[in-house]
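Dock chain B against chain A, hints included.
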Amino acid sequence: MSQALKLDDDEQDLKYVGTRPVRPDGVDKVTGRAKFGADLHLPGMLTGQVLRSPHPHARIVSIDTSKAEALAGVKAVITRDDFQDMESEFVPAGEMMVNYRDVVRNVMAREKVLYEGHAVAAVAATSNSIARKALRLIDVEYEVLPHVIDAVAAMAPDAPLLHDDMMTEGVDPKPDTPSNVSKRVEFALGDVEKGFAEADVIVEREFNTKPVHQGYIEPHACVASMSEDGQADLWCSTQGHYVVRTHCARLLNLDVSKIRVTASEIGGGFGGKTVVYLEPLALALSQKTGHPVKMVMSRDDVFRATGPTSGANVWVKMGATKDGRITAAEAVLKYQAGAFQGSPVQPGCMCAFAPYDLENVKTVGYDVVTNRPKVAAYRAPGGPISEYATESVVDELAKMLGIDPVDFRLRNAAREGTHAAYGPKFGPIGLVETLEQAKAHEHYNTPLKPGQGRGIASGFWFNIGGETCVTLNINEDGSATLMAGTPDIGGSRASLALMTAERLGIEPEKVRPLIADTSSLGYNFLTGGSRATFSSGMAAVEAADEAIKEMCARAAKIWEIPEDAVVWEDGHAKPAGDNAGKFDPLSLADIADMAGKTGGPIGGAARINAKGAAPSFGTHMVDLEVDEETGRVTILRYTVLQDAGRAVHPSYVEGQYQGGAVQGIGWALNEEYIYGEDGRMQNPGFLDYRIPVASDVPMIDTVIVEVPNPRHPYGVRGVGETPIVPPMAAIANAMENATGIRFTELPMSPPKVLKAIEDRDGG
Amino acid sequence: MEEMRYEAPDSLDAAVAMLSDAGEAGRVLAGGTDLLVQLRAGMVHPGLVVDIKNIPEVRAISEEGGGFRVGAAVTGAELGEHAGMCKAWPGVVEATELIGSTQIQGRATMGGNLCNGSPAADSVPALIAAGAVASVIGPSGQRDVPVEDIIIGPGKTSLEKGEFVVSFKFPDRPAHSGDAYLRFIPRTEMDIAVVGAGVNITLDDDGVCQAARVGLGAVAATPLLVADAADALIGSTLDDAALEKLAAAASAACKPIDDKRGTIEFRTKVAGVLARRAALIALDRAKEGR
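Protein sequence lines correspond, in order, to chains A and B.
Going by numbering that gives the first Met the number 0, the first sequence opens with residue 0, and the numbers climb by one from there.
Going by numbering that gives the first Met the number 0, the second sequence opens with residue 0, and the numbers climb by one from there.
For reference, chain A alone in the conformation it holds in the complex (with noise of 0.2 Å):
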């Protein structure tokens, strides 16, 4: 329906997009109602337990199940011979790509086991203490191989291999041994030698990053029961119920409508939670016991077996001219996978220059495998890697030539109409409107104390659309019930009953927005790539508008005037043309409570791949103090601006603001995986893996510029995920600005800059 992207005109006044009422979902999440990923509790349910490797890289000998399988209270031990294995083919992930014979392997160790803490069987008992015996039950023989974990020790001619067959891709020549490269990807414009030779100053520097995980609360959870005829029906805690249920009837070998997966409340999942863990295992399990069973890792699994992001290698070059125009720009990004292929290498070089408009620039990416668990999405995936290293160097530029870094980035930005180096033309974007608040905005202009320290950066993410069904039903009473199918991770709930309200003319508390589960609503693919609010708003919108249609014909039947002679304004049903003021208007409510008389139940759906997503840019600004003698440092304040194209419930783009940053507080300064001599996580816990706490970072100010995006009906952009591409270089660029130290390492831990300070000052 076309209608349904006719954007609103911005002069328009919106009664509720834009407003702040209680979200749905709030009252049952404060009050310990709402039901997470590990709060199902089914009558004859088993729990699920896993083995896990001890090694990072060993081939599997032998399985022996048998003293396990005899335990008391055991019903079922799986293992690799319990999967069948499956054909190489790619599907899309959140904004990555899966290969199921990956898949396979990732849920359950095949051939070797490729990392500590790999799946190489799972058990369901009666208890968990009996669970536990089970799993000390099970031998194992492994024949340990040497391991690898950085990606460019990976890269070596010598590294160990992780998988035999593995010939780089996107190479010419193919070549003709294995390594743990598993591709090439390149993205270049115009000739960057060329661009050099035209630069009055070159900066060249290389970076590293650590992994860093999601760090979700909320650990991965499922029950899964399936009966004896096959039909299952599976809950957990996920980012995207139907790519669970694809996945699952793939690994299973079971028709996609044999199994309904019911998306639970989800305590984080900031890209992590797109990919399958633990439920095919329940399933598996389930479906060999013929009893319900519930799978929970612990955070330690966590830790040990979900994908964290890449860390990498960068090496970036920038020239400029002397009045501060960018020439050229060239990056080599090197990115580990973890055990199987698909780092978001590619679109970290997407990114990596995509805030500047450049006519030369290349960047050449490397996707390494190591033996690490799997990397799955994490917030703007690679983004933050390939922009800090790129946002780095701008701001050494800016400064080597006397160039404040707001106008220097301004000089360069990207606008409407700029050709990205990734390929496409933007369309109205807010990169600019980021940059010149951020120039106004007290903070940038309040001066600061000594020892302190000051930086900014800019960031992009693409955001996406994509398969989305909703369905709206108005009720009898004249409320309505949404149903979508994009699990609500960041107050998606509220937004889209603000816009099935704004467009029906009823109040946000008449509409109900649930998250349906599988079998209720057509194929939705998962809440990732920031397209929850895009794509199901604008297919509520089109399902709203449905609705309308009918009620107008309703309203036209009691009338007995021609349907095209109805319009709805309101919330109501109006006579118009040569009818207008002939009849009193009919509100929703009114037609609501005829329906029964004039057709039937009134409603709407839709059905979409919904395109038009755009990007959007943010700026942060970040002040810092560190300590000389310790190097910790301190976060005294922090401003995100980012366009949101429009804000549907602004509090819940200021928390996506405000959540981004303090990941990117995290990433910046403390997290990163420990990893011993012999390839084991040393900190698979909160503890010792330090994501930030409440009272490490200041209240993160915000800034919503609002572009907005034409393609969409109110104007939305995804928001989630550029927050979190800024900080890491806003950070590095604050500290440059403090101690006169540059640091091209992540993360900038106290005895990381003290040791910097003390070389600085020749100690």
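Treat the hints with care, as some may be off.
Claimed, not checked - Keeping only pairs whose Cα atoms sit at most 30 Å apart, straight-line, the calculated BS3-like set for lysine-lysine is:
#1 B/Lys155 / B/Lys259
#2 A/Lys751 / B/Lys254
#3 B/Lys244 / A/Lys754
#4 B/Lys254 / B/Lys244
#5 B/Lys52 / B/Lys86
#6 A/Lys751 / B/Lys244
#7 A/Lys754 / B/Lys254
What the hints assert, rightly or not - Label pairs and their computed distance ranges (CB to CB):
#8 A/Glu628 / B/Ile151: 27 to 35 Å
#9 A/Asn474 / B/His44: 51 to 59 Å
#10 B/Glu63 / A/Pro53: 28 to 36 Å
It should be emphasised that the hints constitute simulated quantities derived from the structure, not laboratory data.
By construction, the Cβ of each residue, glycine as well, lies at the ideal position given by its N, Cα and C atoms.
Okay, now just chain B, sitting in the frame of chain A:
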């Protein structure tokens, strides 16, 4: 399955009897903020857990001979609400209050913190600096042990089988005394000390340091009592030169390891920095006439 018995006796004698019967299988439960975590993680498999919180002696704070006696199972929150201890030993109180979150403070105890045997335990450097003496009870009766002699290695104590700490005796507090504890953590709370430093001083009427004790945590296999660091202060007014000597002596006493929480270099340097900063806070408190 492995069975675990839980007992909560209401007298010292009963607890001693249960623990000596249980031998290696017995574990003492005070606040449980370490033991329960270790149980859940499968790190320990005790056959008997003896909860000592029903025993009056381990739960009381009392005045004794001009000083204080604090039960081993008094919680951090209770200690923080005791006006006398806050006035006399603010460094000990602030160290104990650093253990865990507000919720954990309702359970965590100095006795548990000490007997868990961690080199990084927050209350221990402050207790050592304070010169606190543990009253230990066991099958062979009662004995007094200086706190610095309890931990003998990571997770290891000098307590004999069946023994546990009943209380801590804090010495008399002369005029012009002050103590302080500082720890280094990368975060602001909810963390474990990378370095901890406790300093306790007494000045004379002219502001000259008459007595000092310095305790360090997380820089060696056990918390340390550093005599050289104390000597650097005694006889001085805690002027810059004395503080530099203190920092150097504190750093020199460190025998840390490189681990996930910090490097040898880092811990050694920061131990000196924290000792100096803690001494300055203790000095302020001493001058306030505490």
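Checked hints:
Straight-line distance between C-alpha atoms of B/Lys155 and B/Lys259 comes to about 21 Å, which keeps the hinted pair within the 30 Å bound. Proximity of A/Lys751 to B/Lys254 is assessed by CA-CA distance (about 20 Å); at most 30 Å being required, the pair is judged to hold. Note on B/Lys244 and A/Lys754: the hinted pairing holds, with a Cα-Cα distance of about 22 Å set against a maximum of 30 Å. Proposed proximity of B/Lys254 and B/Lys244 is supported: the alpha carbons are some 18 Å apart, at most 30 Å.
Between the alpha carbons of B/Lys52 and B/Lys86 the distance comes to roughly 26 Å, so the proposed pair stays at or under 30 Å and holds. Of the supplied pair hints, the one linking A/Lys751 and B/Lys244 holds, its CA atoms being roughly 26 Å apart against a limit of 30 Å. At roughly 19 Å between alpha-carbon atoms, A/Lys754 and B/Lys254 fall within 30 Å of each other, so this suggested pair holds. Between A/Glu628 and B/Ile151 the Cβ separation comes to about 32 Å, which falls inside the hinted range of 27 to 35 Å.
One distance hint, 51 to 59 Å for the beta-carbon pair A/Asn474 and B/His44, holds here, with the actual separation near 57 Å. Hint check: B/Glu63 to A/Pro53, Cβ distance near 52 Å, so the stated range 28 to 36 Å is violated.
Hint compliance for this structure: hint 10 alone is broken.
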